[in-house]
Amino acid sequence: MEKFLGIFNRFGSLLLSGLGYTMFITIVAIVIGFFLGFLLAVLKIYGRGVLKWLAIAYIELIRGTPMIVQLFIIYYGLSQTGLVRLTPLQAAIIGMGLNSAAYQAEYFRSAFLAIPTGQSEAALSLGMSRAQLILNILLPQLLRIVLPSWTNELVALIQYSSIAMVVTIMELTAVAKYIGSKTFLYMQSFIIVGIIYLALSFIFTRLMVYFEHRLSIPGISVTKARV
Amino acid sequence: MQVFDFSIFTSISAITFILEGVGDTLLLTFAAISIGLIIGSLLSFGEVYAPPFFAIPVRLIGEILRGIPLMVFFFLLFLGLRLDVWQSAIIGLGLRSAAFQGQILRSSLEAVSIGQLDAAMSLGMTRPQVFREILLPQAIRIMIPGWSNEFITVLKDTSIAFVLSFQDIMTRADLIARSIGRYLEIYIFVALLYFVLVRSSTAILNALYERNRIPGLGEKR
Amino acid sequence: MKEVLRVVDLKKSYHKNEVLKGVSFSVDEGETKVIIGPSGGGKSTLLYCINMLQRPDSGEVYLDGEEITKGKVRVNEARQKIGFVFQHFNLFLHLNALDNVRVGPLKVRKMSLDEATQTAVAALKLVGISEDLWSHYPAQLSGGQQQRIAIARAIAMNPRIILFDEPTSALDVELIGEVLKAMKDLAYGGMTMLVVTHELEFAMEVANEIMFLENGVIIEKGPPREVIMNPKSERIKRFLGRIHKEES
Numbered sequence: 006m007e008k009f010l011g012i013f014n015r016f017g018s019l020l021l022s023g024l025g026y027t028m029f030i031t032i033v034a035i036v037i038g039f040f041l042g043f044l045l046a047v048l049k050i051y052g053r054g055v056l057k058w059l060a061i062a063y064i065e066l067i068r069g070t071p072m073i074v075q076l077f078i079i080y081y082g083l084s085q086t087g088l089v090r091l092t093p094l095q096a097a098i099i100g101m102g103l104n105s106a107a108y109q110a111e112y113f114r115s116a117f118l119a120i121p122t123g124q125s126e127a128a129l130s131l132g133m134s135r136a137q138l139i140l141n142i143l144l145p146q147l148l149r150i151v152l153p154s155w156t157n158e159l160v161a162l163i164q165y166s167s168i169a170m171v172v173t174i175m176e177l178t179a180v181a182k183y184i185g186s187k188t189f190l191y192m193q194s195f196i197i198v199g200i201i202y203l204a205l206s207f208i209f210t211r212l213m214v215y216f217e218h219r220l221s222i223p224g225i226s227v228t229k230a231r232v
Numbered sequence: 002m003q004v005f006d007f008s009i010f011t012s013i014s015a016i017t018f019i020l021e022g023v024g025d026t027l028l029l030t031f032a033a034i035s036i037g038l039i040i041g042s043l044l045s046f047g048e049v050y051a052p053p054f055f056a057i058p059v060r061l062i063g064e065i066l067r068g069i070p071l072m073v074f075f076f077l078l079f080l081g082l083r084l085d086v087w088q089s090a091i092i093g094l095g096l097r098s099a100a101f102q103g104q105i106l107r108s109s110l111e112a113v114s115i116g117q118l119d120a121a122m123s124l125g126m127t128r129p130q131v132f133r134e135i136l137l138p139q140a141i142r143i144m145i146p147g148w149s150n151e152f153i154t155v156l157k158d159t160s161i162a163f164v165l166s167f168q169d170i171m172t173r174a175d176l177i178a179r180s181i182g183r184y185l186e187i188y189i190f191v192a193l194l195y196f197v198l199v200r201s202s203t204a205i206l207n208a209l210y211e212r213n214r215i216p217g218l219g220e221k222r
Numbered sequence: 472m473k474e475v476l477r478v479v480d481l482k483k484s485y486h487k488n489e490v491l492k493g494v495s496f497s498v499d500e501g502e503t504k505v506i507i508g509p510s511g512g513g514k515s516t517l518l519y520c521i522n523m524l525q526r527p528d529s530g531e532v533y534l535d536g537e538e539i540t541k542g543k544v545r546v547n548e549a550r551q552k553i554g555f556v557f558q559h560f561n562l563f564l565h566l567n568a569l570d571n572v573r574v575g576p577l578k579v580r581k582m583s584l585d586e587a588t589q590t591a592v593a594a595l596k597l598v599g600i601s602e603d604l605w606s607h608y609p610a611q612l613s614g615g616q617q618q619r620i621a622i623a624r625a626i627a628m629n630p631r632i633i634l635f636d637e638p639t640s641a642l643d644v645e646l647i648g649e650v651l652k653a654m655k656d657l658a659y660g661g662m663t664m665l666v667v668t669h670e671l672e673f674a675m676e677v678a679n680e681i682m683f684l685e686n687g688v689i690i691e692k693g694p695p696r697e698v699i700m701n702p703k704s705e706r707i708k709r710f711l712g713r714i715h716k717e718e719s
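Protein chains in written order, with my numbering: chain A, 6 to 232; chain B, 2 to 222; chain C, 472 to 719.
Chain A on its own, in the form it takes in the complex:
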């Protein structure tokens, strides 16, 4: 116990900044993933020709390869070309955002498909355009349906954000490793960050469940979430 307290005393601010990085990367990445994912889902369902196939290829390629490889391509690979130079933080945020987009696209797609087609026909029969249909009728339902999957994605991203340490970002896991190397209290420092991660997952899950209840409308079914 003393050892744990000792770590907090000496490295409290470092842990806090690690937490900051973890949260910042996760939240920015999930927002990027949200918008890009929505676009990809729309293209995959409603798109035609090249655009549709590009969306499908993107989703499949990202989902078919590990995030760590994607991050290395963006960080080390791109800088080698000399065309773009990303800071580690930019690389991590972009890499994770692009990754999350592919997964979120699939959540959106199955949510789209969960809305009965009769509603689209009814909206079109009122004279709505396709864009109006998506914005006014489908989107409000979609967001509610997708919420549980989104919770899963958020919890998964919090955990996967630890991969950012391989591009030298001092997020939580990297901080724990650093503390371990300074104090040789590896066990204790990783237990501490483990508990922080657990707490984050717990808080975000609760928060999302709260939103689910607040926003729920009777009759709009909720898809079973599964990463």
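Certain hints may be false.
[As the list claims (entries may be wrong)] Stretches of chain B that chain A covers, calculated by requiring three or more beta carbons in the stretch to come under 8 Å of a beta carbon on chain A:
1) 77–91
2) 161–170
3) 194–208
Derived from the structure by calculation, the hints contain no laboratory data.
Since the model is a prediction, treat every value here as computed from it, not as a measurement.
Even for Gly, the Cβ is constructed at its ideal location relative to N, Cα and C.
Start from chain A and add chains B and C according to the hints.
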């Protein structure tokens, strides 16, 4: 300096060095999935059938295993408990997968309707018979799609064992990339290699699904 | 006539809600008895308590004179002799039609595969399921076909009595007839049956006795003609009036 220089792949040794890691990547995947399946089954049976004083701690363990990043696990085992690279990689991936596989199996067991269990008991089946003849064959079929996802996740997550310097394709690619100073080409190559592994596994798992598919049971999506 | 089933003062509560308040009756060999009554009156619970899928709080159930509600009795062995047909069929989804019927004789009665197959085939023929459907899975069959297979599954165990829990109420109207026909054939063939149903015509045709169960007690029982055409209590009159209205 050229943007792309794929001529580096004319050097066969670089490619074969990476490809030699495929065996270890797959071995790690299978080992972790197997451990995960065994422990995950125990976890799910514990949660479904055991009395609350046992089921609640089991659920808690599952929550903990699912809520902590794989990388933290690896370091706990490798730096904290000082296990070797292979042990850390297999146990870390295996335990985490156990929590997910347990969850998949549990929801599959719970997806079998109570009515069918009543019907089985009305024929005079004993509880072990109901489990063996009715519950398990259905739960396994219901879980195959979710289980396939988990297999793919584990396959991709083996790359995280890179932080342990586990000699899989990821670590080997990184070594080569650094030694010859060509990152983009090597990482794209290794990405494609993973993609091929993932798609082949998906194809095999889908074939398994189709072969055992029974109309009305565990339909995809 | 030999008595097959006797139920004595059966009681069952859920929490504080007393669903069965002391039900007694018996069924003789070859008889068909029909239980009618409003939903929530305890009809299903009564059947579930007879084969111990739910444990009665008190009272006794005798099968061929032997009490099966006693703690010592192996419930599984008693259940082998009591067939049960469910409202929602409850066919095993991973088994095709033939295997659904065969699994009992094979696994519970421990018959050889040949013997179990013969038994299952005979039962399937009895309920009019033709050979081309034997390899179909439940999800590929109509409700009427599923329920007839469920009846065959019960028959194949060669039970002393079969309990039917509203076997046609989950079916589309046009499928009810084929199930009732199978049940009538079974009754005329000498099977002992206890049937919970709203099908009054079926009751008139095959029942030896009708029992009216409401609020956990049997209010009236007697030959179908008397109970249906000339009921003594006001409540049955009202209940029957409702059923006739629904049918027309």
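Status of the hints after comparison with the structure:
1. 77–91: holds (count 4)
2. 161–170: Held - the region 161–170 of chain B has 3 residues with a Cβ nearer than 8 Å to chain A, which meets the minimum of three.
3. 194–208: It holds, with 4 qualifying residues against the three required.
Of the numbered hints stated above, none is contradicted by the structure.
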